[in-house]
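Colleague: So the sequence lines, in the order shown, correspond to chains V and S. Counting from -15, one number per residue, gives the positions in the first sequence under our numbering. Counting from 3, one number per residue, gives the positions in the second sequence under our numbering.
Don't read these hints as lab results, they were simulated from the structure. Predicted, not measured: the structure shown is a model, and the values here were computed from it. Glycine is no exception: its CB is placed at the ideal position from the N, C-alpha and C atoms. Careful: at least some of the hints might be erroneous.
Stated by the list, open to error - Coverage of chain S stretches by chain V, computed from C-beta distances (three or more under 8 angstroms per stretch; other residues unrestricted):
#: 1; stretch: 106 to 114
#: 2; stretch: 195 to 201
Unchecked claim - Calculated pairs, DSBU-like style, for lysine-lysine (alpha carbon to alpha carbon, straight line, at most 35 angstroms):
#: 3; chain 1: S; residue 1: Lys206; chain 2: S; residue 2: Lys229
#: 4; chain 1: S; residue 1: Lys229; chain 2: S; residue 2: Lys118
#: 5; chain 1: S; residue 1: Lys206; chain 2: S; residue 2: Lys118
#: 6; chain 1: S; residue 1: Lys206; chain 2: V; residue 2: Lys302
#: 7; chain 1: S; residue 1: Lys118; chain 2: V; residue 2: Lys302
Said to hold, decoys possible - Pulled a few chain V residues facing chain S out of the computed Cβ check, cut under 10 angstroms:
#: 8; residue: Glu219
#: 9; residue: Val222
#: 10; residue: Arg235
#: 11; residue: Leu269
#: 12; residue: Glu273
#: 13; residue: Glu305
#: 14; residue: Leu308
#: 15; residue: Val309
#: 16; residue: Leu311
#: 17; residue: Glu314
#: 18; residue: Phe323
#: 19; residue: Ile324
#: 20; residue: Arg325
#: 21; residue: Gly365
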Amino acid sequence: MTTSALTEDRASPHLFGLAARRPRLAGVGHRVALQLGADHLVVRIGFILLGLTAGAGLVVYLVLWIVLPRATPDPTDRAPALRNDLGVIAITAAIMAAVTNLGVGEQLPATLLWAVGLVSFGLVLSSPGAEFDLARSRGGALVRIVAGGGFVVGGLAALLASTQTVSQLAYSALAALVLIGGLALVFGPWLTRALAMAERERAERIRAEERTDLAAHLHDSVLQTLNLIQNRANEPHVTAVLARQQERELRRWLQGHNGVVDDEADTSLRPALERVAAEVEEQYLSVVECIVVGDCELTPSVQALVAATREALINAGKFAETQLVSLYAEVEGEAVSAFIRDRGQGFDPAAVPPDRQGIRTSIHGRLERVGGSADIRSRPGEGTEVRIEVAR
Amino acid sequence: MSGEPVSSGPGTLRVVVVDDHSLFRRGVIEAIGGSVDVVAEADDVASGIAAVRLHQPDVALIDVQLPSGSGAEIIETLMAEGIDPERTRFLGLSVSEEPADVLRLVRSGARGYVTKRIDSADLVATIEEVAAGNAIFSPRLAGVVLNELSGQTSTNGSVDDRDTQRRTTNSEQSVGDHDMSMLQRLSPREREVMQHLARGYTYKEIGVELHISARTVESHTGAVLRKLQLSNRHALTHWAVRNNVV
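Looking at chain S on its own, in the form it has when it is part of the complex (with noise of 0.2 angstroms):
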């Protein structure tokens, strides 16, 4: 694990929590607080900025729907800063699983989400999954990936124009207004990576399906991460200028 507070006790892991609703903000920390240490807690955008610039935690669990606008706004935001991402990592905390929300958080920077439902054992090992620099892929959100990066055919048999790479997606499930690149489509291995995540298994048991190792697995979970983020214009131009594309 990379980024080791010298602080706190040694194996745990910083975590700010940014969550507008303090009931459940409590709550959190008290599932996480014997686990993780809770370094600070904020209950806005710009409180949630000034928390991360400040703390630079290993994990920032950010909700989605803040009042003074979107958690994404505060990933957006510091990675512009430019924020080291291999030592803070940012999880999205969201009750909505709408395709819009959960894209836009996942494609400023976050590693997934996980949804408010979700129980303290499962909130700690994602925490720490996060730190570890993996992807947290929710089977919703390997539907959304599927629905926007597979670049297939949707509504009433109309087949997509690949040389143009124009897509034609079901209104409702397609939120970019970007134009796909091939950089970005998914290649078959990640594909099936991704059905087998919608179709609700594990790391672990998608590699016994396909015959390959978890890490195999982690490793193309994060190259679609990459491939989503790319989509974030940010993300885009940088990899632009580091592949000396511009």
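Bound-form chain V, shown alone (with noise of 0.2 angstroms):
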């Protein structure tokens, strides 16, 4: 009952309003009154009544006790568990008593009677209530269990010794199965809560370390990014590419690649050259789209091809004055293609200098010993587009 505390502390003008409103036994008249909303005095009258009359009282509020849910425990009071046995054990041999009196024990044997008492009393008793913190009160939790695992299993022997009329062989298996039964009982309900519990923490924990790698890791990319594009406000082809290479770096981290990317060796020609893109950009603050249709592995001459594509795309960082560079790779059977261009500014290919070695080493030269080849198109204005193609 959340609203337990509430409706304690409200002063009623109502004519029971003396009635005490907090639990006095084991809290289950307290309980009713709540479920009911009537009044303390009202239900607590009830239940002596009923008492009186052949004790059905008793056995109500037993069975109301193992019932009702529990109230949330009152801070301010202070033996909750111990008034609670109290009461059961009271309340228990209050009907082992009527019951016996009554003379009801007549037509039943006094053994059944003793034994369905013995167990009902271990399972109140063994029972996990809900004003019972399992991580504080281990011990307490033991003794509770161990007593409370003895009547039961007790009380079924009572049961069992009282049925004799048994053959022997189906005697033992029948004692067997009832302690197995008896046990389950007791330790069913504990384990359950006690598993529940165990993972809850651990969901807790999780989340816990979940929040702190997030703020790590926002830390370390994020928040440095965001400070670098404050102090380059000014320049905002920088901010630019800085933001785009921290959209690609946390687009791959909520995918799901963890840590440094550029630790692991490339295994196949896609990531190989999404590496090499991204390394371009940032070293020369362009753009690369790259996009690349289908994978293989990175073969010798597939290599030479990413070397190349790489060559390819610092030339139109540094000089082909654009910001945005595609690069489109395919494997298409057995070859392997890439196309590297720009709009940027072009060149005359027939017009470099015989001593500008890079396109004529750096591409040619390193595909022709693979087998490849490289086809260079540019004109003044028109930008530029490298082809590059080798057998896998």
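Mind assembling these two chains? They're in different frames, but the hints should get you there.
Modeller: Right under this line is the structure:
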């Protein structure tokens, strides 16, 4: 009852307002009152009247004790657990006495009666109440389980003992079953509760760890970049590139590629090209739109293609004087091709002075060694496209 | 341009903007408001559907990621309701260029998508293209299409079994779990057009390169868009019924 604290503290002008609005015995009356919205005193009188009628009130009390949801413990109440137990013991004893005295016992074997009494008492004693903090009082819990379990098993044994007609073999099998059943009854609730608690704790720990990870990551990446962007706010081109790099990195992280990607060895064409594109972006503050169709292993010839592609991207970054470079690569059958295109100022390939070795050695030479080819198409004012092809 | 609105000025396109970020929405409306007539805005799936249904704009700009679901749901719902696809065209607006997001949007019936990095002039130009019935292929979308529809080989040299039409595309890129039919496979010409788009060529440049008219390039991209949308179950059923396959 989450509202119990409120209900208890509110002064009531009611006739029976003098009745204490806090648990007295095992708290059943209190809970019934809260549940029904009735006055505590009325409920208590009701129980007493019922109790006078052949002890029915006591049985009802005990049943309700088990069935009703537990009230939120009152922090000012000092010994709820102890009072609870005493209440249960007293009531069980009262029921047993009532039943025996009223002569019901003459129709039922006394052993059966005692057995049922013992079992129910054991169950009540060992059941994990909500007011009981498992984590804080392990010792108390153990005592309750052992004592309750003892009562349950003892009661069941007594029950068995009263049924003598069964054959010896069935008897021992039954005994084993009863023992197991009794133990399950006692430990089941505790076990499920402990498991649920452990699960909750684990979930909370994982959440906390995730939050820490997230905070650390954001601090190292996004916040740093935002600082950089603030420092260079008057250079829109630079801020755009920074934002783009951060975006790519964050996206990668969100997709679950944790850790620093650069540390991993590239396993195939696609990641290798993506990495090269990112490097050039970073170094030359240009935007490389990298699109790869298909994928394949990094054989020596494919590695040469990647290296030549990098060179072509760098050339575009250095000389094209444009922000956007398109990189498209595809694996088709045995052929791998890459196209590096910019819409920058272009140049006349025939007019490149012979001492400029960039294109000749880094692109053509590299590819010829692995049996590939490169074709550079460019005209001043119309951008440049480098086409590279190798057999993988 | 079909479906000329009567209420607004002649030649002005009627546009609905659906995006959950009010600031971004404001920015878009400010950027395109001078050139087109923004008749309504919405910020989630339900209000988006309602706004497009009510206003029947020439172009609906739909954000891919909405808080209550995907922008594709808006298009899927309206398409299922039987909105006239010749009257209202959809253009996706996306932060993400993840193949899965892009594909779903286009498959639901969008004529293409633009990223939120696009500048005002380009956005207006793209809206006009879409209103004219053209497909909008970014290099990225062309790449996704090539990965999805080319039915070609991929990882580690495993050869595609063309007879059973099974594909082994890269796991990151392969999004649909459908079997691709022969109907959807790109023709050699369409493939060439897609490759050039992925390389950063404009329609016009592709025309020059392949010695065909820009019109023809557009008809190829339109055909590719239809093939892509055929993998949408609805569209496939429609197509099958229309062509007496079932």
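Colleague: Would you mind marking each hint as holding or not holding in the structure?
Modeller: Comparing the hints with the structure gives:
1. For the stretch 106 to 114 of chain S, the stated coverage by chain V is violated: 0 residues have a C-beta nearer than 8 angstroms to a C-beta of that chain, whereas at least 3 were required.
2. Evaluation of the coverage hint for the stretch 195 to 201 of chain S: fulfilled, as 3 residues show C-beta separations to chain V shorter than 8 angstroms, against a requirement of three.
3. For the given pair, S/Lys206 sits about 22 angstroms from S/Lys229 by alpha-carbon distance, which is consistent with the 35 angstroms threshold.
4. A threshold of 35 angstroms between alpha carbons decides the hint, and for S/Lys229 with S/Lys118 the separation of about 26 angstroms falls inside it, so the pair holds.
5. For a cut-off of 35 angstroms, the pair hint linking S/Lys206 to S/Lys118 stands: about 24 angstroms separates their Cα positions.
6. At roughly 27 angstroms between alpha-carbon atoms, S/Lys206 and V/Lys302 fall within 35 angstroms of each other, so this suggested pair holds.
7. Using a Cα cut-off of 35 angstroms, the hinted pair S/Lys118 and V/Lys302 holds, with the two alpha carbons roughly 27 angstroms apart.
8. Because the closest C-beta pair between V/Glu219 and chain S is about 18 angstroms apart, greater than 10 angstroms, the hint is violated.
9. The interface hint given for V/Val222 is broken, as the beta carbon of that residue sits about 16 angstroms from the closest beta carbon of chain S, more than 10 angstroms.
10. Because the beta carbon of V/Arg235 sits about 8 angstroms from the nearest beta carbon in chain S, less than 10 angstroms, this interface hint is met.
11. For V/Leu269, the suggested interface contact is broken, since its CB lies about 16 angstroms from the closest CB of chain S, more than 10 angstroms.
12. Below 10 angstroms, beta-carbon pairs count as interface contacts, and V/Glu273 has one with chain S at about 6 angstroms; its hint therefore holds.
13. Among the interface hints, the one on V/Glu305 is violated; its C-beta lies about 16 angstroms from the nearest C-beta in chain S, farther than the 10 angstroms criterion.
14. A least Cβ separation of about 8 angstroms between V/Leu308 and chain S falls short of the 10 angstroms threshold, and the interface hint therefore holds.
15. The interface hint given for V/Val309 is met, as the beta carbon of that residue sits about 8 angstroms from the closest beta carbon of chain S, less than 10 angstroms.
16. Below 10 angstroms, beta-carbon pairs count as interface contacts, and V/Leu311 has one with chain S at about 9 angstroms; its hint therefore holds.
17. Residue-level restraint check for V/Glu314 holds (minimum Cβ-Cβ distance to chain S is 7 angstroms; threshold 10 angstroms).
18. Hint status for V/Phe323: holds, given a least beta-carbon distance of 5 angstroms to chain S, under 10 angstroms.
19. The beta carbon of V/Ile324 comes within 9 angstroms of a beta carbon in chain S, closer than 10 angstroms, and the hint placing it at the interface holds.
20. Interface restraint check: V/Arg325 against chain S, minimum CB-CB distance 5 angstroms, threshold 10 angstroms, status holds.
21. With its C-beta approaching chain S no nearer than about 14 angstroms, V/Gly365 sits outside the 10 angstroms limit, and its interface hint is violated.
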